[in-house]
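Visitor: What follows is the residue order along each chain.
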Amino acid sequence: MPVRKVMKANEAAAWAARLAKPKVIAAFPITPSTLVPEKISEFVANGELDAEFIKVESEHSAISACVGASAAGVRTFTATASQGLALMHEILFIAAGMRLPIVVAVGNRSLSAPINIWNDWQDSISERDTGWLQFYAENNQEALDLILIAFKVAEDERVLLPAMVGFDAFILTHTVEPVEIPDQEAVDEFLGEYVPKHAYLDPAKPITQGTLAFPAHYMEARYTVWEANENAKKVIDEVFAEFEKRFGRKYQKIEEYRTDDAEIILVTMGSLAGTVKEYVDHLREKGVKVGAAKLTVYRPFPTEEVRELAKKAKVLALLEKNVTFSVGGALFQDFSRALINESEKPRIVDFILGLGGRDVTFRDLDEVMDISKRALAGEEFDEVNWIGLRKEVL
Amino acid sequence: MAVRKPPITTREYWAPGHAACAGCGCAVALKLGTKAFSEAMEEKYGDPNAFAIAQATGCMEVVSAVFPYTAWKAPWVHVAFENAAAAASGVEAAWKKLGRKGKILAIGGDGGTADIGMQALSGMLERWHNVVYLMYDNEAYMNTGIQRSSSTPYGAWTTTSPPGKYSIGEDKPKKWVALIAAAHQIPYVATASVGNPYDYIRKMKKAAKVDGPAFIQVQCTCVPGWRVPPEKSIEVTRLAIETGMWPLFEIENGDFHNIKIQPPGGGAKVKREGGRVVAIEFKKPVEEYLKLQGRFKHLFKRPEAIDQLREQIKATWKVLGVDVTLPKPEE
Chain E
2 MPVRKVMKAN
12 EAAAWAARLA
22 KPKVIAAFPI
32 TPSTLVPEKI
42 SEFVANGELD
52 AEFIKVESEH
62 SAISACVGAS
72 AAGVRTFTAT
82 ASQGLALMHE
92 ILFIAAGMRL
102 PIVVAVGNRS
112 LSAPINIWND
122 WQDSISERDT
132 GWLQFYAENN
142 QEALDLILIA
152 FKVAEDERVL
162 LPAMVGFDAF
172 ILTHTVEPVE
182 IPDQEAVDEF
192 LGEYVPKHAY
202 LDPAKPITQG
212 TLAFPAHYME
222 ARYTVWEANE
232 NAKKVIDEVF
242 AEFEKRFGRK
252 YQKIEEYRTD
262 DAEIILVTMG
272 SLAGTVKEYV
282 DHLREKGVKV
292 GAAKLTVYRP
302 FPTEEVRELA
312 KKAKVLALLE
322 KNVTFSVGGA
332 LFQDFSRALI
342 NESEKPRIVD
352 FILGLGGRDV
362 TFRDLDEVMD
372 ISKRALAGEE
382 FDEVNWIGLR
392 KEVL
Chain D
14 MAVRKPPITT
24 REYWAPGHAA
34 CAGCGCAVAL
44 KLGTKAFSEA
54 MEEKYGDPNA
64 FAIAQATGCM
74 EVVSAVFPYT
84 AWKAPWVHVA
94 FENAAAAASG
104 VEAAWKKLGR
114 KGKILAIGGD
124 GGTADIGMQA
134 LSGMLERWHN
144 VVYLMYDNEA
154 YMNTGIQRSS
164 STPYGAWTTT
174 SPPGKYSIGE
184 DKPKKWVALI
194 AAAHQIPYVA
204 TASVGNPYDY
214 IRKMKKAAKV
224 DGPAFIQVQC
234 TCVPGWRVPP
244 EKSIEVTRLA
254 IETGMWPLFE
264 IENGDFHNIK
274 IQPPGGGAKV
284 KREGGRVVAI
294 EFKKPVEEYL
304 KLQGRFKHLF
314 KRPEAIDQLR
324 EQIKATWKVL
334 GVDVTLPKPE
344 E
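Heads up: the sequence lines are chains E and D, in that order. With our numbering as the guide, the letters of the first sequence map in order to residues 2 to 395. With our numbering as the guide, the letters of the second sequence map in order to residues 14 to 344.
Simulated from the structure, these hints should not be mistaken for lab results. Fair warning: there could be bad hints in the mix.
[Stated by the list, open to error] Dumping the calculated EDC-like pairs for lysine to aspartate or glutamate here, alpha-carbon to alpha-carbon at most 20 Å: (1) E/K246 / E/D157; (2) D/K110 / E/D189; (3) D/K219 / D/E52; (4) D/K110 / E/E194; (5) D/K109 / E/D51; (6) D/K109 / E/E194; (7) D/K109 / E/E49; (8) D/K188 / D/D128; (9) D/K86 / E/D203; (10) D/K331 / D/D268; (11) D/K110 / E/D203; (12) D/K18 / D/D212; (13) D/K310 / D/E343; (14) E/K312 / E/D335; (15) D/K110 / E/E43.
[Unchecked claim] The following label-pair restraints were derived from C-beta to C-beta distances: (16) E/G48 / D/V16: 53 to 61 Å; (17) D/Q132 / E/G193: 34 to 42 Å; (18) D/E244 / E/H218: 30 to 38 Å; (19) D/A32 / E/Y224: 22 to 30 Å; (20) D/A32 / E/A242: 48 to 56 Å.
[Claimed, not checked] Which chain E residues face chain D? A few, computed with CB under 8 Å, are given here: (21) V68; (22) G74; (23) L202; (24) T209; (25) L213; (26) A214.
Quick reminder that beta carbons are idealized off the backbone N, C-alpha and C, glycines included.
Okay, chain E solo, but in the shape it has when bound (with noise of 0.2 Å):
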């Protein structure tokens, strides 16, 4: 029977790491994600997780090592953040072309400089052309739910692709929530044992993996890894449904709150929905047409969702814990894209906000509002604004 537990998300993590029971687990402490690996390594020495746990040296060889272990063929895991992640970065892109289906717990942290170790996503959004699927949970629940299914999606034999979830740092990571951890059988009838026929080290069949590629292939293996994102869409969607049947909780790319008969959409992800849907709620009550909407995936891009979603509204602002500089927000980017053909289309009006830890309060919202309010009205507005600045710090 499922049993309900309060912990911080990265106890949520290692959770979801000892029921997906991975056979390698590497890993190097940074803050914040630092308690997923302690307490992994707890339940390994408990022999509560019969794992090989490898205390490397730095993020870089955590990433190696878990490409190796994934190269021989078993299912692995890693945690990291913020400049962990960015360590890492060269390898994710090796992890993605050789299709390991590493899964990785990122507790979303900002990047230096200046060092900080608080919360926003650029770690992870600076990592979303590498190939790797992602993630971002709202609570500690999904933090747990999506690492499961993450694990389900990367080992599909239509998509073989890494996976990161990303679940905001200090808000999440060491902020305690009623969790409920699901039955070990349950788990194990979701998952079943990972058995790859592609990615082996077995004397008894020799393969090489990981080759040099002449410009007659290179351009053909990435390709494979665009058209294995372009499958896990629909996996995604599968994995979703399957998970909610066998566990009753529903997960959608993008969920959408109070979006019917909705002017101004709110879009955002992570932690900061919570505090959004919250705030529509307090609009509602006001009269004012205004909903919400969450990325629950980010990689692959829910395009088509996206579409739909931009139907409902006359104004998409985007809230977003990330800079793409001369951009805006990578959601900015990605938002305009999907939406640049489209005949009807919203105005799109980009937020960037919440960097390196700063509080989103309902007082930001109401500037987030004003701002989004012009847009509706039709009236000039900048397409990217810093909201919260602290003019007397600049």
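Dock chain D against chain E, hints included.
Guide: Structure of chain D alone, referenced to chain E:
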């Protein structure tokens, strides 16, 4: 009629068809090394194929795994330049969980080992993975076109250590990774050379059979990088041993007081005390080694640089506990 048993297995793991240069000493190192490894696996586990290879980016990786072909008849994986040791750690851990008997062989060149891969190597060694790390040392970044590495010997020309008005070529002494590896107090560390294949095979087998990490640094020629004729490839590495340029030694469990020295041959006189080599009087001057190679050609106009090189070789031997006499060529 009696058929002589071949000195090493006829099984091939590094198969014909790879794209290495004619006379490539490193191809020889990989061919012999994997054969020796296989023999050790047969003797230890009863299965000659009980190994997998994790290899770093480098010339031997590039020439052996050009999609859709492969020269490898063993399970083989390449990840990146600096992480052969880390990738091998992962493979070893996976094999442990899969209950697979055998050993992992990690392979990297001098750039991928002495420089960019040093941290991953140290991590793998101190974590005590059951991995043999084979550093094939052709003494420069040959894959990218002959740039100096920290394993490039003093005085050598490379494209980034060119001799000139203010330069004698590479101006730093060679970094001996084997000594750094030994400082981890791992079960087995050795240097080897394709110029002494019997010694190399023996050491590879020994490394493969120990429980825990082992490290071998094997010197091998790069024909274009050293500017040697292909047919001189083995001769030149043999001369490196015979002139004192390349010490052949073994260090077990980090015991620097009991370093085992392989006699260099070439007429050198070896003096022992209590079974331990304490002094070697070399007969062949280092010039015999240097003159075969275009990369040292400029040194012959700068004899003081060769003297400097002689001093560095002596210093290296001193670390090994051996006093050496290095002759100058007869006038």
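Visitor: Take the hints in turn and mark each one as holding or not.
Guide: Outcome of the hint check:
For a cut-off of 20 Å, the pair hint linking E/K246 to E/D157 stands: about 18 Å separates their Cα positions. A C-alpha spacing of about 18 Å is found between D/K110 and E/D189, which places the hinted pair at or below 20 Å, so the restraint holds. In summary, the hint linking D/K219 to D/E52 is supported, as the alpha carbons are separated by about 10 Å, within the 20 Å threshold. Using a Cα cut-off of 20 Å, the hinted pair D/K110 and E/E194 holds, with the two alpha carbons roughly 13 Å apart.
For the hint pairing D/K109 with E/D51, the CA-to-CA distance comes to about 11 Å; that is within 20 Å, so the pair holds. Only pairs whose Cα atoms come within 20 Å are accepted, and D/K109 paired with E/E194 is accepted, the gap being roughly 17 Å. Taken as a hint, the D/K109 and E/E49 pair is honoured in the structure, with Cα atoms around 18 Å apart against an allowance of 20 Å. With a CA separation close to 10 Å, the supplied pair D/K188 and D/D128 stays within the 20 Å bound.
The hinted pair formed by D/K86 and E/D203 meets the criterion: a straight-line CA distance of about 11 Å does not exceed 20 Å. In summary, the hint linking D/K331 to D/D268 is supported, as the alpha carbons are separated by about 15 Å, within the 20 Å threshold. Distance hint between D/K110 and E/D203 is fulfilled; the C-alpha atoms sit about 13 Å from each other, no more than 20 Å. Annotation: proposed proximity of D/K18 to D/D212 holds, straight-line Cα distance about 18 Å (limit 20 Å).
For the given pair, D/K310 sits about 18 Å from D/E343 by alpha-carbon distance, which is consistent with the 20 Å threshold. For the hint linking E/K312 to E/D335, the alpha-carbon distance of about 16 Å falls within 20 Å, and the restraint holds. In summary, the hint linking D/K110 to E/E43 is supported, as the alpha carbons are separated by about 18 Å, within the 20 Å threshold. Checked against the given bound of 53 to 61 Å, the beta carbons of E/G48 and D/V16, roughly 55 Å apart, stay inside it.
Against the hinted window of 34 to 42 Å, the Cβ-Cβ separation of D/Q132 and E/G193 comes to about 37 Å, which satisfies the hint. Between D/E244 and E/H218 the beta carbons are some 35 Å apart, a value that agrees with the proposed interval 30 to 38 Å. Evaluation of the 22 to 30 Å hint for D/A32 and E/Y224 yields a pass: the beta carbon distance comes to about 25 Å. Distance hint check for D/A32 and E/A242: the Cβ-Cβ separation is about 49 Å, which falls inside the suggested range of 48 to 56 Å.
The restraint placing E/V68 at the interface with chain D holds, with a minimum CB-CB distance near 5 Å, inside the 8 Å limit. Taking 8 Å as the C-beta contact cut-off toward chain D, the hint placing E/G74 at the interface holds, the least distance being around 7 Å. For E/L202, the interface hint holds, the least distance from its beta-carbon to any beta-carbon of chain D being 4 Å, beneath 8 Å. Look at E/T209: its Cβ gets to within about 4 Å of chain D, closer than 8 Å, so that hint holds up.
Taken as an interface hint, E/L213 checks out: its beta carbon lies about 5 Å from the nearest beta carbon of chain D, inside 8 Å. Annotation: E/A214 was flagged as interfacial toward chain D, and the flag holds, the nearest CB pair being 4 Å apart, inside 8 Å.
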